[in-house]
Each structure stands twice: as C-alpha cells, then as structure tokens.
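Peer 1: If you follow the hints, you should be able to join the two separate chains into one complex; please do so.
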Amino acid sequence: MNDLKPNEVISLADRLQTTLKQVKPRTEFVADLKRKLIRESRTGQQVQSEWKQTLTWIAIGAGSLIYIATLLFVSAKSAWWILSAVGALLGWRKSQQQPAKQTARVK
Amino acid sequence: MKAPSDESALVERAKNEAPAFGELYERYVTRIYNYVYYRTGNEHDAEDLTARVFMRAMKQLPNYTDRGLPFSAWLYRIAHNLVANWHRDESRRRVVPLEEHITHGLYTDAPEYVAEAREEERRLLDVIHHLPDERQQLLILKFVDQLSNAEIGAIMNRSEGAIKSLYHRTLLNLRDDLEKE
Chain W
1 MNDLKPNEVI SLADRLQTTL KQVKPRTEFV ADLKRKLIRE SRTGQQVQSE WKQTLTWIAI
61 GAGSLIYIAT LLFVSAKSAW WILSAVGALL GWRKSQQQPA KQTARVK
Chain Z
1 MKAPSDESAL VERAKNEAPA FGELYERYVT RIYNYVYYRT GNEHDAEDLT ARVFMRAMKQ
61 LPNYTDRGLP FSAWLYRIAH NLVANWHRDE SRRRVVPLEE HITHGLYTDA PEYVAEAREE
121 ERRLLDVIHH LPDERQQLLI LKFVDQLSNA EIGAIMNRSE GAIKSLYHRT LLNLRDDLEK
181 E
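Those sequence lines, one after another, are chains W and Z. Mapping of the first sequence onto this note's numbering: position 44 corresponds to residue 44, and the numbering continues sequentially without gaps. Mapping of the second sequence onto this note's numbering: position 119 corresponds to residue 119, and the numbering continues sequentially without gaps.
Take the hints with a grain of salt, since some may be wrong.
[To be verified] If you want a taste of the chain W side facing chain Z, the calculated C-beta under 7 Å gives, among others:
hint	residue
1	Leu4
2	Ile10
3	Leu12
4	Arg15
5	Gln22
6	Val23
7	Arg42
[To be verified] Facing chain Z, from chain W, some residues (calculated, C-beta under 10 Å):
hint	residue
8	Asp32
9	Lys36
10	Gly44
Just so you know, these hints were derived from the structure itself, not from any lab. From the three backbone atoms N, C-alpha and C, an ideal C-beta is built for every residue, glycine too.
Next comes chain Z alone, as it looks inside the complex (with noise of 0.2 Å):
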C-alpha cells in the first residue's frame, strides 16, 4: 500500500488528467474485481460491474473529497453499492448458484481429490454467500485483498476493534453453519 499523501495527489491530479486517473485504476483494479467477483459469484457479471465502478469513480471524482479514509473506502463503496443493486435486480430474475462459479476452472489436480476439494469449497462458499453483506466484505478484504484489520476497518468505516469482533463473530457464525449443514 503507497503512502496515503502520494495517494492523495494522484487522486488529485486524477480529476484533471487521464493518465493519472489510468494509474489509479491500474492500482485498484484487481482488487475491485475480486470484491465483485466473489459478491456475484461469476466472471461475466465481475467484469461488468468493475467496468461499472470505475466509470461511476471517473465521474464522480471531481466531486471527491479526502476525509483522510483511503481512496479504496470510496471505490469499495461504489462497488458495494453497485453490487447490492445487482443483487435487487438479479433476485427479481434468477437464483445465481454462486459456488459453482467461483468453484469452477480453480483446480487442475486428480479428479478424486478436486471432486472432494470442491465440494468442500462449495459448501463454505454457499455458507459465506448467506452471511450478511458487511461479514461477506469483511473476508473479501481479509482473505483475497489480505489487508489488516486497521486497513479493513479504515475501508468499512469502523474502529480496528470492531473489525476484530466482527471478524470473530463472523467466524462462530461460519463455524455454526458449517456444523449444522
């Protein structure tokens, strides 16, 4: 993670030139996808809404203003926000079975064990996709962007402790699920 005052001026310099805004992109990109990906559950809808993201970024960005959160809070929250519509409207059309998705194209091991290693992973995927919208980004962030508790809670607006209780009772909550399925 850059220093957050380089940060600050690439932000900056963004609202004015195109290049600066392509870096900043490049630096957020991969893991706006991931948030999208894992939120959705396919590649498709992945690309898409990260398209979304960042147009919406571009052209809210002279609107934008540093409260001192990194500039990921503001993209996550375009992203969550994106996301949360295209799950409104995608109940209206069709269940998305999500682990089947995400779980598909990720091994290439012997069919015995990917068969098990899947269906491992189906199960705590399907158990993740029905947590509340707030413990799913928590471990987005945790597990696939790696970040820290104080970086979480910096993106999610809440204090490094609250990150660790949430992130606790996010874990019983897997852990009771997981037991009773």
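Just chain W, same shape as in the assembly (with noise of 0.2 Å):
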C-alpha cells in the first residue's frame, strides 16, 4: 500500500466535500417532531411527579406504621419489666413472710 501524496490527499477531499453534503430535514418533520417531543416531556413530567406523590405518600404510610410499631413495641417491653419487677417483689416479700411464720410454729 502506498502512501498518499498530498495531491491525492486534497483530490480525495475534495471529492468528500462534493458528495457529503449537509442536507435539510424537511421543516415539517422539525417542527412535528418538536411538538411531539414538548407533549411527550409535559406528558412524562406530569407521571413522574404523580410518581412522586405515590413515592412521599407511601412513604408517610411505612413510617407510621413503624412509628406505632416501635411505640407498641415499646410499651409492651415496659410494661413487661414493671410486671417482672412487680412480681419479683411479691415473690420476695412471700419469701420474707414464710421463715417468720415457721418460727412462730415452732414456739
């Protein structure tokens, strides 16, 4: 393969130039298309901000619904201790009563 020559050079380009020439769309496939754009980008930005009020309200809902979980979940933990401790003092205060009663029969 030879090199090119700069005559070939310029002669190739210059034939380049001749065919590829810029070529106008037609105006009416421009402007329909533009228009059919604009619909479709005012039609695809009403869905997303519809998606988003879907995406926030959904979103408010698994919150609260946690925040009540958490708060049952909670109440119920304390609710359980103050029983335990409850018991455990009841339990205690039998136990205290018992060996004094034995004494007492003994006597």
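Peer 2: Quick look at the structure:
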C-alpha cells in the first residue's frame, strides 16, 4: 500500500466534500417532532410528579407504621419490665414472710 | 458551537423543562438527521431514526451525567446504536441501495453532467458504505458537520492525534478501494 501524495489527499477531500453535503431535514418533520417531544416531555414530567407524590405517600404511611409499631413494642416491653419487677417484689416479700411463720409455729 | 458551560446549563434545565429540551433539539436535529441519513441512505428511515434518537434522549436525559464531553457526543452515541440496530434488522430483511437513495434528487443541472456526476458520487458513496462504522462516522462528522479533528475526537472519545491518523488511514482505504473498482 503506497502512502498518499499531497495532491491525492486534496483530491479525495474535494470529492468527499462534494459528495457528503449537508442535507436539510423537512421543515414539517422538524416542527412535528418538536411538538411531539414537548408533548411527551410534559406527559413524562406529569407522570413523574404523580409517581413522586405516590412515593411520598407510601413513605409517610410506612414511616407511620414503623413509628406505631415501635411505640407498641416499647410500651409492651416497659409493661413487661414493670410486671416482672412487681412479681419479683411480691415473690421476695412472700419468701420473707414464710420463715417468720415457721418460727412462730415452733414456739 | 456554543460554550460548554452554556450547554451544560441548558442540559440541566432540559432535565425538568420541556422548552429547554426543545432548544437542545433545535440545536442538534440537523446534525443527527444528517448522520442518520448518510448511514441509512434514505429520508424515510432517517426521519424515523432521528425521531427515535430524540425520544430516547429525552427519556434517558434524567440519568445523563456531564463528563466534560460535548452533549452531541451522547446524542451521536444513541444515534450510532440505533443505526447499528437498524442495519442488523435491515440485513435480515433486504439490501438497501444506499447510493441510489442519496444521489437521487441532489442534482438539477444538465442531464449529461448529472449522469456523470451521479455515477462518480455513487461510486464514492458505495466505497464509503463499505468502510467500517467508525470510519463512516468520521467522514460524516468531518465533511457533513464540518467539525474539527478535536471536536470529532471529543465525540468519538479519542485523541485529536488518533482522529488525524484514522482520517489518513481512511483516505488510504478509500483511494485503494476506488482504484480497485
């Protein structure tokens, strides 16, 4: 393969320039497509904002559920601790009273 | 070509505003149309694919991130992928007589001159059509869009030097193919 001579480069570039001319798209096509794109874009944005709204509501709902569940869990846990403490206290008092009764019976 | 900062701002606005996307569209529609036209060889498919390029661009624009390349590079990439799919589908259906479509309607001069010039262009377009994709893209960007090597490099994601050397190899290729014919 021989390298290109300067005049070959110029001649090929000229031929390419003549052949590959810029073509203008049809004016109606350009205008119609623009209208279609803007319409689609607005619909898309509307759908997007509706989606955003739905997602916000889902997030608020899920957040509330988690909050309520946590509250219930904490309350149940606290109640359990209180009951356990009362139970332990009663058990302790009973065990204190038992030796006293036995001592009285022996006397 | 507008300043990149102006373009970046416009692209950012186009993510949320339809008129800004309309402005981007007007800026690039002719270039994308020409690229697709020379790759497909007919007006009908060029219009159809150009519409698809901009529809896809509009849908994917919210995910677009500015990496310092011109916005047109992103559009050309979409166009390139759609044209590649079109060629794949088209080769399954029929062979497109590209040069007949393109040279048709370009001339309004004397019939003898028209016939001769048309034949010359038909040969050249036929040879161009058989070049690898990237070489066809280079020639379209250089001669149809009149872009500099640096601009073509930004679009094709190559250095200016690489584009220069690709152009040289493409011309060699063209000369040899034209001589063979």
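Peer 1: Each hint: holds or not?
Peer 2: A quick look at each hint next to the structure:
A distance limit of 7 Å between C-beta atoms decides the matter here; for Leu4 of chain W the minimum to chain Z is near 6 Å, and the interface restraint holds. The interface hint given for Ile10 of chain W is violated, since its Cβ lies 10 Å from the closest Cβ of chain Z, which is over the 7 Å cut-off. The beta carbon of Leu12 of chain W is positioned within 7 Å of a beta carbon in chain Z (closest approach about 5 Å), and the interface hint is therefore held. Checking Arg15 of chain W against chain Z by beta carbon gives a least distance of about 6 Å; that is within 7 Å, so the hint holds.
Given hint, Gln22 of chain W at the interface with chain Z, holds; its Cβ is 5 Å from that chain's nearest Cβ, closer than 7 Å. For the restraint placing Val23 of chain W at the interface with chain Z, the shortest Cβ-Cβ distance is roughly 6 Å, inside the 7 Å limit, so the hint holds. The interface hint given for Arg42 of chain W holds, since its Cβ lies 5 Å from the closest Cβ of chain Z, which is under the 7 Å cut-off. With 10 Å as the threshold, the beta carbon of Asp32 of chain W comes within range of chain Z, its nearest partner Cβ sitting at about 9 Å, so the hint holds.
Using the Cβ-Cβ criterion of 10 Å, the hint placing Lys36 of chain W at the interface with chain Z is satisfied: the shortest such distance is roughly 7 Å. Because the smallest distance between the Cβ of Gly44 of chain W and any Cβ of chain Z comes to about 7 Å, under 10 Å, the interface hint for this residue holds.
Consistency with the previously given hints fails for number 2 only.
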